[in-house]
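Asks: This is what each chain is made of:
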Amino acid sequence: MGSEKRTAGFYVLAAFFVLFVLFLYGPLSAVFILSFQGPQGGLTFPLNGVSVRWFQNLFETQAVGNFGASFGRSLVLGLMVMGATVLVSLLAGLAFRRKFIGASPLFYLTVASLVVPSIIVSLGIGVLFQQIGIQPNWFSSGFGAHLTWTLPFGVLIMFAVFNRFSPSYEEAARDLGASSWQTFYHVVLPMIAPSLIGVGLFGFSLSYDEFARTLMTSGSSNTLPLEIYGMTTNVTTPVLYALGTVTTVFSFLVILVTLGIILWVNRRRATA
Amino acid sequence: MNNLLARATPYIQATPLLLILGFFLAIPILLLLVVSFWDYDFAGMYPDFMTLNYAETLGSWVTWKTYGNTLKFAAIVWVITAFVGFWVAYFLAFHVRSATSQMVLFLVCTVPFLTSNIIRMISWIPVLGRNGLINSGLVGAGVIDQPIEWLLYSDFAVILAMVHLYTLFMVTPIFNTMMRIDKSLVEAARDGGAADWQIIWNVILPLAKPGIAIGTIFVVTLVMADFSTVQVMSGGQSASVALMMRNQMSLLQYPAAAANAVVLLVLVLFMVAGILRIVDIRKEL
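Protein chains in written order, with the working numbering: chain A, 2 to 273; chain B, 4 to 288.
Bound conformation, chain B alone (with noise of 0.2 Å):
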């Protein structure tokens, strides 16, 4: 009796868990692959099979368009926050020499994703807007004479406030595997006369890779499924898959909704897959 419910245990307890994932993820997304075959008019949507929600998706030149502008955002956001983050946790974890102070330091990069991410979007509006910070310094500055017109609501803004928003998602996980790298490592390239660039190339680069790739993991799936920095700092001059969606949503239009999900979610699935063939996050945990 006691043998039975001991190898019961883990199956006890590991029920909640598959129950809520099951039930709120699981089975939505089987819905929506069901779902994006039907039809739909403008009063409901209707239990069919066709494949035109798909033909229209994948057939028309505006999704190709926003879906190379996604991939854009994700390959520029990815590029600044992988450097930034790369710097900012070698700094904490190599530089710093108290734990306390490495603590403190994280912390300080840490507290402002406390704070909503539409508030963290529209704080740029005073700083980028065509009388904002910067632009006023400048002119007053005497540097332009007409304020700059792309800073705000341009693909520049949405790129500033994505770096802004998602940096912290690469910074914590290469922080966390670096501080790992045992530092006696270091001390041996540097007694075997390597110099700082080749301890940080050789070393520490390979090294820090499982963290680079559960930052990259975290940063390209946010990135893809975007759609209110996009919409917020693009004034809506710049679109993205997750915006399509949104708006397909708004419109009462889930079963062409449903199919832009699917593609979406083939894509980022495709996407996690290839960045975990690199790294295996179990051993990283």
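If we strip away everything but chain A, and leave its shape as in the complex, we get (with noise of 0.2 Å):
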């Protein structure tokens, strides 16, 4: 296609993307506008003078429940999902590379945990604490709830990674006399590590925003995405607005920070 002329089809498109980001971006504006609003002002437009009132509100403890409680929790189980996903979905990754009976079952146990609804993941795993008389909590139950639905993607996507990743690296490695260890330490884990990045990124992503499958695993603390649903159910002030900004502001900065960091240390790596 090259150099040829645009058609008309391609404005055509382009005007098709255009809608379609508005679609995506128009609301959630809507709601970083609004929680903007003035002490006196709703839920809804035209904005009633600007404030920053929302925000303290939020700040203020047990105002609109124990945001700051939640918001640490849902940052700590994120982490921790994020950290299991990585080194689970990596040596998964590297198992499947070879033969091993069971292969095929565990490749289909891992789609499985993809397409079995959340829900009733959640109903499960909130019953089985039940029946074995453990108390569910966010850090037992939840973790694992929440690994059930990263560890699936962070698999798949090693498999795509190891897929097109070529062999004949690790045997110039073993030509040379590395011993395995070496090989994956110092050959195959630096050409796969912005994959594991992804991987990690994505699980914290997953987990942070994870609602579903937190309602019976939680136990009797909320995470984050628990705690803005059941604000959904009784809060009528632009508080609810403040908490969506804010919370999104956070993750665009923990992936933000995350590439910044890469880019660092990729130029760094370049310079040395």
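Treat the hints with care, since some could be wrong.
[What the hints assert, rightly or not] Stretch by stretch, here's where chain B covers chain A in the computed footprint (C-beta under 8 Å, at least three residues):
no., segment
1, 102-116
2, 210-222
3, 256-269
[Claimed, not checked] Here are some chain A residues pointing at chain B (derived, C-beta under 10 Å):
no., residue
4, V51
5, R98
6, L244
7, T249
In short, the hints are calculated from the structure, not lab data. Just so you know, even glycine gets a beta-carbon here, dropped at the ideal spot from N, CA and C.
Work from the hints to combine the two standalone chains into their complex.
Replies: In structure tokens, the structure reads:
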């Protein structure tokens, strides 16, 4: 296609794409603007003055439930899920590079984990913990429930990565006398590191926002999405939008900081 | 010794995945199957073997209506997301020229996905509400006298929010498969005298089918399991299977919810198996 002239089709599709992006961002920007609603303002436009009243409201303790504590739980849980997802997916990805008995059933179990409705996983784990007499908690049953959602994505990404990974690099390393551990640590790992970071970020993001799987598994204390879900039914002030803005900005910060670190490390590595 | 270790390695590496999915997925689902035959009252549930939970679930007209409603949502949302997903992916893969702008535009589409589903859902309230942006805009412009009531808290709102939430799950796999289509096939078709729509219909669409299938699996399973969108956006006026389960769970009627879960799971697995007959996803990774 190269340097051909743009056809009419291109402009139609470009317009369609722009509409799609507006559709994605439009409502979110409404929430963002309305979170700066004046003290007397309500849940809809027009803006009744501009203030940060609702952000303050958010950080006053107990005004709207315990935002800080649930935020902290979601953050820690997201980091735990991130670490476990990277490690387990990497190991499973390495395992699937070779033939082993049970590989196929394990693969289908992983895919099943992706397609089993979240609420069923949530109910199942909740009932399981009830039956074995362990109190469900966000860091135990909730952690496991989130892993059933993040691991299939992680494993499938590792599948894709290793399918395109040429074994000749490892053969070269072995020919030069590297042990299998040295081959992995000095050759394979640096090459797949970007994908691993991607898996980790994806895991964090999925866990940080996960809601249905946390419903029956978080025990007596809420994670952030549960807190927001509770607020949708009983909060009628723009504090809801302030919470939306804060959590959204936070997840963007996590992504941006991580990408920044990757770029910085890459640049240092390039100059070193 | 070394040989033995080498042979044991994949098993050791696969063990964490097996243990986690076994304990948090396989055992809970088997337990739900068991519990779905149990008896229960307001105080708890009791081991038993009775088919009453299934009889109540499957014998109730409400259940069938709810399943019908859920399938209706799934079908409509699938058609819309597949249409939008295909054209967005097609535009990105075949009309955007540089790899950098492809990546940037794709990231632009994925960014809203990083926000919580519930936030994205409630973000429709100031847009669709009785005094929302659309209504006040239309009234202000003199197009209508009264605000349109069915924009929010209706099936329309549910479907709109689901399309907003789930289209990305369609765009990503289709974009992924389209990026792997050899551009020379398109050139060859063009040299052979094919018109644009013929290239799309006879070359790109067949090659993009695996991506569409994977996107379909995502969208259909997500919609079938959705309860929060239905609850929030319909304002309690519409029902879905998962919402029915959710209500039973909040009334502590776990065996009844378990029976519902088993029925829903069987239905979803049949749908996925049907889609997988069309495409082998293992080949596509």
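Asks: Now look at each hint and say whether the structure bears it out.
Replies: The hints, checked one at a time:
Taking a C-beta to C-beta cut-off of 8 Å, the segment 102-116 of chain A contributes 11 residues in contact with chain B, enough for the three needed, and the coverage statement holds. Closer than 8 Å: that is the beta-carbon criterion, and the segment 210-222 of chain A has 5 residues meeting it against chain B, so the requirement of 3 holds. Interface restraint, the segment 256-269 of chain A with chain B: violated (1 residues with C-beta to C-beta distance below 8 Å; minimum three). Given the 10 Å rule on beta carbons, the hint for A/V51 is violated: about 16 Å separates it from the nearest Cβ of chain B.
Here the hint on A/R98 is kept, as its CB sits about 8 Å from the closest CB of chain B, short of 10 Å. Hint on A/L244 holds. Least Cβ distance to chain B is approximately 8 Å, under the 10 Å limit. Nearest Cβ of chain B to the Cβ of A/T249: about 5 Å, under the 10 Å cut. The hint holds.
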